[in-house]
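Protein sequences, first through last, are from chains A and B. At position 76 of the first sequence the residue is numbered 76 (the numbering used here), and the sequence of numbers has no breaks. At position 177 of the second sequence the residue is numbered 177 (the numbering used here), and the sequence of numbers has no breaks.
Rather than coming from a laboratory, the hints here were simulated on the basis of the structure. Model, not experiment: these values are computed from the prediction. You may find that some hints are simply not true.
Stated by the list, open to error - Each computed BS3-like pair below joins lysine-lysine, with the alpha-carbon atoms no more than 30 Å apart:
(1) B:K141 <-> A:K244
(2) B:K200 <-> A:K15
(3) A:K239 <-> B:K141
(4) A:K55 <-> B:K141
(5) B:K141 <-> A:K267
(6) B:K141 <-> A:K219
(7) A:K117 <-> B:K14
(8) B:K141 <-> B:K200
(9) A:K267 <-> A:K239
(10) B:K14 <-> A:K173
(11) A:K122 <-> A:K173
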Amino acid sequence: MADSTPEARPSLGAKLQALNRNALYLSLFAVVSGSLILTHLTSLQVPAQPQPCTKDTYTLLRNIPAGDTIIIDTGATNSTRGENGGEMEAVFRIAMRERLRFVLYTWQEPQCIEIAKGVIAKINLERRTSNPPEPEYREWDDYVILGFFPDGGTMLQTVASNIRDAWAAKKEKDPAGRERSVFESPVLKNIHRVEDIRAYVNIAMSNLMPTIVARVGRKLPVISMITGVMFPEQLNYYKSGQLKGLINGLVGTVELETLMEKGIDAKGEVGGHAPGPPVAAAFPGEKNYARGMDYYFAFCCAMSLLIVAIVIGNVGMMLERRRKP
Amino acid sequence: MALTLDDPNYHFLKVTAGALATFGMYSVLYKETKIYRFFEHMFLGLAAGLSLTLLWTQTLYDLWWGPLVGRTADKATEYGQNGAWAWVLVLPLAALAYTIFSKKHNWMSRIPIGLLIGIGAGQAIQNWFNQYGPQIENSIKPAIPTVWSRFTVPDRNGLPQAALDNVNNNVYGSQAINNLIFLVTLLCVLSYFIFCTEFKSKLTKGMSTAGRLMLMVGFGAIFGTTVMTRFALLIDRMYFVWIEWLLESLPRMLHR
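Just chain B, with the same shape it has in the complex (with noise of 0.2 Å):
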């Protein structure tokens, strides 16, 4: 019997394929067997073979091979397209990434990865601000109120137009304490940073060292997101294996 994309059968053993493979590599956590190498190896292989194919199918087929061939005009749209031959140039230049290989002719994978480092150069020097400027502009903020007879920033919402622009253009004295903490924890981390100086007082002691402590307030926040996000693959896996592969697969295979 021939087995379709749509049939369940097919379905099932697509999905037993994969909980087998989610038991193999979960088998690491007892200790580093046979099985768990069988899998990894596959997992190895088949993310490999499959790259490669996608990179010629969605990248070099559209964005290389297209261009280099041209097309024919099509009767219904009479949309054709020459072929630019030099397109082919790209080849050879991008075989000598290949020669860092060989001990003699390492020296002319230098050239497109030269290239590469310059395209990327130019693009850092013109985006740095575009990524960093909004931050460093966003940092400066006032921490002495505009308000002093509210304390609390009134509901934005149902606002008509100049009264929104009134509460935009203000601060309260809820956000001015906001922006003192954030200036403070700002200079405090910035301090621990400044290393070509010695810090002799008080003062920028304690606030090098107050900067480390809310660094590590931040490093903390980051583990913790990282434990949740370990714990979400976790459960999706284990989502796969009951729900997806017995609750469901399974009993459609069954019930055909």
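Pulled out of the complex, with its shape left as it was, chain A reads as follows (with noise of 0.2 Å):
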């Protein structure tokens, strides 16, 4: 017994690599409040370097011409709202700031429509309380809701060879509330091919890119608004330009919210002031930073954590195997 005793005691690499679960946890969750709470209160802005696809995208949405029609076809779910969230937001703020009129649709899950009508319905708030007052987005006239499609992928197939076709029997309340086709509303009246369409921009928690680029990607530029996980998969979309913008997750939308802040100047620089037309202008003075930049501060301090729990582990075990004969 008296020579088990100093063997029975923990040595220090092995209390590193066992650090009690519960503790780990609320350490996480003591981090990420205490750094959600410090940028409520500071308005806190933590600097972010766009990438290239982050550009395409921001480049491709901010010089569609006001009036024309994109889709937006959405799978943001409140189990997604870290990501897909944000991206969101930003994504509806762009179209109604520029003044362009799309359809909003979901074949991901049923609950996407209502999600996205509440994010329509804040943006409009702010709209209304802004100084000055901006218009409201109204739907018919400026944004058509066709619900949800179960068969994405045969509906997209239908749209690509016949789009009136494909949401013929997809009716929507006029202003006068009277039930009419979607094709009667000034968002798609003028719409008779999949190419009048000037972007299909795809919010998604999951890969549905070869379902969309494989029927639409040859006829519409194609924008996936991404979560982190899938990011990494649709690279090889983006690289061989069947997709035209990439959003990547939280660290995407943090990029686009800075885009929409400080723009792209002529010389192709983020917050630039070079002569000439700027490559995708800013919306200066308006709400640019959100969701994303809110989440940004406690993202960076959660990864810090982790980081942190790895190097306390990787020098547990070296001490462990050094301690070893």
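Given two chains presented individually in distinct reference frames, assemble the corresponding complex, making use of the accompanying hints.
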């Protein structure tokens, strides 16, 4: 018994490798909560350097002429609001400020439309209460909601060959309350072929690009706003030119918000002042930093904590290996 | 007092319910308790009910019921539509899928499933090249520079079209190095997946091993982005609890 007592006491290396799980969770919650509150109280802004795929996204969206129509295919739910929520807010803000008309639908989950309606209402409230007030975006005149399509692949196949056939049965109420075909609305009345749509923006939690680019990718520019977990997989589509823009989860959202704030000048510099028409102009004086920037400092702190935890574990392992003969 | 959707009290109640559900779901980190079970089942019930409702209001009503029953002409727009009774035939066809639960009649479920598989297969044949063609095409890259007087790619911004075309059509030294790295990686990874023959030479063995290592690097990057996504989800929930619930919704209700 007397011999075994010193060995029963764990070494420092062993202790470092066996930190209490609940303590780790608690420290993560504390770090995230503290940094979120700090960001909220001080309006903290962490600098971001936009990647080329984010710049391409912003440049494409920013240069679509006012009054033209884009498709927003949403897959944002409350479960991925941390990434898709910020992406969706940013794309709605850009579309509304540029007076782009949009078609909203989902083939990912039925609840996505309800989530998107909430975001549109929130941004409309911002516009109503801004100084000077901006006009609200109105269903029918500025956007139409086509709802949920259970078989997106077949729907997109039909959209690619005959967009009017694909959505022929879809109806919306006009401002007078009459139910009419969506093709009578200002959003779609001039759309006869899928090529008349200026961009297809897909906000998604999983990789839907095989379905989308295969069906409509050759007919109109496709932009993917994806969660970080799917970003490496979608880089193939961006590098091969099948995607004209790509947003990488929360990091991409912050980059997009940075571009909305600073713009891209004539020389391609973010926030630069080179003479000549900018590649993609900023939206000065507007609410550009939003959900992405609200989360970004907490994200950086959480990642730092993770790195510290990995270092502690590895130091523990090295100590343990040195101790053993 | 009746609550309206714009009422701060209603908003606070709604957000409080969300915060309680968040606490309930996260309680599983400590251990699986009845509280976690309660919120898990509540979530499943709500999701199933909501999906069923939205399936009717957003999909079946427009795409099936509307064309089936048609509509009377609107006096203002004079827009009417005859009902197409044939749409009723898809109902028994779709209902056949539920015969899968009967041992005796489950063969009938193969009819709608077969139709769906046929549609999918037809689309797959047509779309395969659209999906992979550009990626295969993009994998064939030049590894020898066409311009030796300059190593890096010139700045494209502000160039006239002729100069821009010239830059785009040439391969500069830095591009050639990138392309070479890409091609070596591609060949090594592809060689790892050749299982029909045994590699005996040092070169092919080395390529296969290097391919495996490069795949591991790729998986590591994917794992890293997965962790980032999970953190983003946690941050969102904490934002909901601390900012939307306690710092925004509660004061708004109290200072009404």
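Against the structure, the hints come out as follows:
no. : hint              : result
1   : B:K141 <-> A:K244 : holds, 20 Å
2   : B:K200 <-> A:K15  : violated, 46 Å
3   : A:K239 <-> B:K141 : holds, 12 Å
4   : A:K55 <-> B:K141  : holds, 24 Å
5   : B:K141 <-> A:K267 : holds, 28 Å
6   : B:K141 <-> A:K219 : holds, 25 Å
7   : A:K117 <-> B:K14  : holds, 17 Å
8   : B:K141 <-> B:K200 : holds, 29 Å
9   : A:K267 <-> A:K239 : holds, 22 Å
10  : B:K14 <-> A:K173  : holds, 29 Å
11  : A:K122 <-> A:K173 : holds, 21 Å
Figure legend: structure checked against the earlier numbered hints; the only hint not met is number 2.
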